[in-house]
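Fit chains L, Y and X to the given chain F structure using the hints.
Protein chains: 4
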Amino acid sequence: MKIQFNNDREYDIIAIGRACIDLNAAEYNRPMEETMTFIKYVGGSPANIAIGGAKLGLKAGFIGKISDDQHGRFIKKYMNDVGIDTSNIVVDKEGHKVGLTFTEIKSPEECSILMYREEVADLYLTPSEVNENYIRKSKILLVSGTALAKSPSREAVLKAVALAKKNDVKVIFELDYRPYSWASADETAVYYSLVAELADVVIGTRDEYDVMENRTDGKNEETINYLFNHSPELIVIKHGVEGSYAYTKSGETFKGQAYKTKVLKTFGAGDSYASAFLYALITGKDIETALKFGSASASIVVSKHSSSEAMPTVEEIEELITVNA
Amino acid sequence: MKIQFNNDREYDIIAIGRACIDLNAAEYNRPMEETMTFIKYVGGSPANIAIGGAKLGLKAGFIGKISDDQHGRFIKKYMNDVGIDTSNIVVDKEGHKVGLTFTEIKSPEECSILMYREEVADLYLTPSEVNENYIRKSKILLVSGTALAKSPSREAVLKAVALAKKNDVKVIFELDYRPYSWASADETAVYYSLVAELADVVIGTRDEYDVMENRTDGKNEETINYLFNHSPELIVIKHGVEGSYAYTKSGETFKGQAYKTKVLKTFGAGDSYASAFLYALITGKDIETALKFGSASASIVVSKHSSSEAMPTVEEIEELITVNA
Amino acid sequence: MKIQFNNDREYDIIAIGRACIDLNAAEYNRPMEETMTFIKYVGGSPANIAIGGAKLGLKAGFIGKISDDQHGRFIKKYMNDVGIDTSNIVVDKEGHKVGLTFTEIKSPEECSILMYREEVADLYLTPSEVNENYIRKSKILLVSGTALAKSPSREAVLKAVALAKKNDVKVIFELDYRPYSWASADETAVYYSLVAELADVVIGTRDEYDVMENRTDGKNEETINYLFNHSPELIVIKHGVEGSYAYTKSGETFKGQAYKTKVLKTFGAGDSYASAFLYALITGKDIETALKFGSASASIVVSKHSSSEAMPTVEEIEELITVNA
Amino acid sequence: MKIQFNNDREYDIIAIGRACIDLNAAEYNRPMEETMTFIKYVGGSPANIAIGGAKLGLKAGFIGKISDDQHGRFIKKYMNDVGIDTSNIVVDKEGHKVGLTFTEIKSPEECSILMYREEVADLYLTPSEVNENYIRKSKILLVSGTALAKSPSREAVLKAVALAKKNDVKVIFELDYRPYSWASADETAVYYSLVAELADVVIGTRDEYDVMENRTDGKNEETINYLFNHSPELIVIKHGVEGSYAYTKSGETFKGQAYKTKVLKTFGAGDSYASAFLYALITGKDIETALKFGSASASIVVSKHSSSEAMPTVEEIEELITVNA
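Residue numbers (the UniProt record's numbering), protein chains in the order written: chain F, 1 to 325; chain L, 1 to 325; chain Y, 1 to 325; chain X, 1 to 325.
It is worth saying that the hints were derived from the structure and are not from the lab.
Cβ coordinates follow ideal geometry from the N, Cα and C atoms, glycine included.
Every clue listed holds true.
Restraint ranges, calculated between C-beta atoms of paired labels, are given here:
1) Tyr28(Y) <-> Val91(L): 21 to 31 Å
2) Ser128(X) <-> Lys219(Y): 20 to 30 Å
3) Lys304(F) <-> Glu222(L): 49 to 59 Å
4) Gly83(L) <-> Arg30(Y): 16 to 26 Å
5) Asp207(X) <-> Glu222(L): 55 to 65 Å
6) Val91(L) <-> Gly83(X): 50 to 60 Å
Chain F on its own, in the form it takes in the complex:
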């Protein structure tokens, strides 16, 4: 099975949600308390996916809200420089700051993060800042689950999803669950299932699907039975080192393997996976190849220092796949 996209669209992918700052430890093998130097990168799941897509050659756009300060200007310039259309990135005029994520690089197994997400600009995107004329120019609208955590960003995303569906833009829902911003598990479950039911493709870890279903120990079989009763035609469920599964509404199941690599840190894996997986779908590759692209991209990023700057090229991905074939 292949997902069919509207090929007459100007953009391959428009992502909506947060663009933030990552401050990654410059010193390795020590806890954050002892880390004295941090290096600045653009971060945030949908921003990383757009950056990853752009580096792979996709025509990408971004809808979001950034701060009217030094960090906001850095983000916009960086995204512009990698070729992302930033015309629909709004500058906040009420003093909200962009989110921050400090990371430590203690060991491949332990990389704690420390997030600053109070009153962040990205969650102040309003429905009136979401433009139908922009969304309908794209093949894909990529929605990050975190953007549903608070009003008015929540409503901006719900409006974007409605406009995408009205204009035959495929909705990709990356669950991207960050407990920090949410009021309650009940609330998360309400919006995650609402948007998952409306999406065309849903991507997440098994744990994230459990959040959507407000349960523990969920089963893939039950999840896909539930979601295939609604809009989704493709569901990707990731099980960490055990690999990932792609299910199609028509009944197929595909299994993807993780590639071995020398892991520096684990963050960034999900975003690089999503960008390469979507790149493969958009360029007409089959689902099995798309799973390989996702895994290869994730494997490259976890061996490097950043999430955004480390996003690989198509050549790097293909080489890794070939080497491991």
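This is chains L, Y and X only, laid out in the frame that chain F set:
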């Protein structure tokens, strides 16, 4: 056309949303500033509809949150006394009060109201307080638009709608727009269209549909073209004294006339309309008759002092219809 | 001892704080749940004291914030009609409502109240709405403790106290403790002691002084030792039916007796006490007489239906004192 | 004139207020947008003053609230390591983070900063976390104006000031005005004058005194006339490169000169000034010498990379004073 209900359900109708206190002027023909005495009634659109339904003989239940004080206890007792099941009315334990509505009775054309709706208990209903086992016992879930105005009530209602659909309970969406509680017109439009698209029956004034569409001067034709692309099978649009229209998905249009009466005050008209209209549908009457029931009930209530206490019996409604036939 | 006032001032007393609506049960001897009719009065401790003072012939002014609605207009008109200068009453332009107090009249011992104090207009008075030119026209600034409960009213009052002291206006601090609005006992204690240390006269119940000292079972001796180290020259501590004590910095102690009466309800006692006590001080009576005036006024008000409308005249007070001499 | 301290106290100085993280640009001569690497230090005015004092040999303590995370632990360890008593630093249990200050080092004249101060832990210090037994062990309580910006920190500081006065601990008020956290200029003026009137020593820039007086173009003469009517016995007003003035209640005026230095960045000047000025007072030096200590310390810190780590020793200060004598 007739709406088909699940006849093996214990409840005819379960309403979700606010139950409040009305304080109606005891002195007529003067502005509220000069009104010194007020009489207390139960109020709030979904509570009034449940009360109206119960007085007509429907088996009704209610999902909502009330204050842990004298007003909350009055509301629960009153609803119990008219035969409503109150087992799913939750008592707030965080000090939230029930809403208040002071009314003046200045003239049939001028009846200003004054609402106390800050941090009211009804908007603190949480998703975890909505029970699937309760909802699936009903033919109808009646949703009031105001309950969507704020979290966590908003999520409680979205969950209730999802549970109703999952369990084949008809969702009736009474738009019931009250600008007071909403953050923005954009936000209202997002949730009104979201729930209207999921509902089986939508009832509102032309102005309320304009709120849903975030526009002015909307046209019935466009509204029904939009909504019939989604779940609704019956749409009622009220045009005040010019009467109301009922549209079916199968293409029929019915017009209902307002009955002449001696108007004391205008509030309460919408709730009495909805309760009698739904009573007629549930008891298997055709849509034309249901429109008459709605108009007759409204005409009776606007001639009396309260919204809840004044709800008519089936005999009163039928007599009025016969007299005006 | 007599308190010395600046006799060249235009106003005898300017009160700062809340003006609200009381909704008193029109039906007696029943709980509020069964009370169906309520009668509207102006309420709120500093408003009642100003009204009481005006009825006794004092030239009174008021600084406060009221709602831009029917209740706000009623309050302003009522205060104007009893002769209070309302030029410094500000009308809220952000939708805040005036507070409400529902009362039941169950028995002389049991009169529960139900308060609506969420986001009330009086607590939104800002420092910039407090005018030095107004305050310096008065002999007395009467400060109600409840006005310290939240910002920006808290800062408006702190500014008013600073301006009063700068302009040789006597500061009377009526502790008027209402737990509802306060974040914590610690916070109350901080502001109560701050203002009590700056005041010239402090009036409150023994329980309210305990709140100021953040303790239980406080002793009058310790309280006056503490406060007389600061600005106060007169301290009144009320012990309910056991009567009240007035202490002077120069070392005198006076005891006041409560007058027997047929009690209808207990609310309103403190405000009527304060207004008559201050009237006596301002008109040059000695402290013993002032205590009698306070007790007589309280005894009259608790036998009547309202707190404000029931405020007695000088003749009524003097007659009661004479009868009981 | 010399300030007299209680020499039998265990601590020379206890500071109350914020302890934060500074993230200083590791790359010089470029705007923050282009700065990619940041170095972490402890920051926050009262923390810096305590650190500066401890490096000069004072026995220092700190009252404040830090986050329960990697940054909070770093701060506490750093302060411990320089010899500050941290027994009264409270760890926040509600998820509040410590404040952050990103700095650029563009040129000696231009060093923009970017602050993260939303819902920061330091402003959640409560009155109940301020202990009388601790405060009364100190000669000095150093109060930072920023700690007055929000409740409950505001009340914690007001309580600390009251306890200091009750226990004969000198209150030093460092105005330390940061507009970011304040609701309005009116509010700042209310609390700045309230605490300045209660303090023994007030230190600030001319601009900060204007904030206290809620005016522009204030005059030193008027400021000291006002404050010497209340508690202060020593007032320091800084005029940047033009030097600073110290005024005593007994009528003396002293002028301090700024020392020439090679400026790297300007932040940190005020804190290093205060710590060395107070060190000199506490160790019994006269006011003229204290002014020199303050200027010398500031001159050393602005030539170095951090605010806290760069705090000088007594020897460094004395050498600079000697060289410039």
